[in-house]
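**Student:** Note that this note's numbering gives residue 93 to position 47 of the sequence shown, counting from 1, and the numbers run on in steps of one.
Hints were generated in silico from the structure; no laboratory data involved. Check each hint, because a few of them may be wrong.
Below, a list of computed lysine-lysine pairs in the DSSO-like style, where the Cα atoms sit at most 27 Å apart [said to hold, decoys possible]:
hint: 1; residue 1: K130; residue 2: K117
hint: 2; residue 1: K130; residue 2: K112
hint: 3; residue 1: K112; residue 2: K98
hint: 4; residue 1: K80; residue 2: K92
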Amino acid sequence: MTDPSGMHGAFSSLIVMIYVMMTIQMLVNIYSFKHANQILEEISEKQIGNIKQLQSIGQDQEENHKEINQKCEENPLTNQFIQKQENQLINYYEQVSE
Numbered sequence: 047m048t049d050p051s052g053m054h055g056a057f058s059s060l061i062v063m064i065y066v067m068m069t070i071q072m073l074v075n076i077y078s079f080k081h082a083n084q085i086l087e088e089i090s091e092k093q094i095g096n097i098k099q100l101q102s103i104g105q106d107q108e109e110n111h112k113e114i115n116q117k118c119e120e121n122p123l124t125n126q127f128i129q130k131q132e133n134q135l136i137n138y139y140e141q142v143s144e
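Hey, can you work out the whole structure from these sequences and the hints?
**Tutor:** This is the structure we're talking about:
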């Protein structure tokens, strides 16, 4: 027959091993989550920086377009050229639609 105290000792050590393995797994998971969270925070910071940079570029382009439009409006030759191009397009569409 088996010794009950021996079975009890084996069962206890098995439970301790399972507990130790679960604790190790939990610590690994915590480390993994912290590391993944840190990576996500770094990516978020980079994306915020990229968004701010794109907004700045967009504002610069908008200012450039305003300046170009203003210069074009001030230049009579540009207005004449635009009118000529518009008239040519209108004539072309009229010819095509006939």
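**Student:** Against each hint, give a clear statement of whether it holds in the structure.
**Tutor:** Do the hints match the structure? See the list:
Using a Cα cut-off of 27 Å, the hinted pair K130 and K117 holds, with the two alpha carbons roughly 18 Å apart. The suggested pairing of K130 with K112 holds, with an alpha-carbon distance near 22 Å, which does not exceed 27 Å. With a C-alpha separation of about 21 Å, the suggested pairing of K112 with K98 holds against the 27 Å cut-off. At most 27 Å may separate the alpha-carbon atoms for a hinted pair to count; K80 and K92 meet this at roughly 18 Å.
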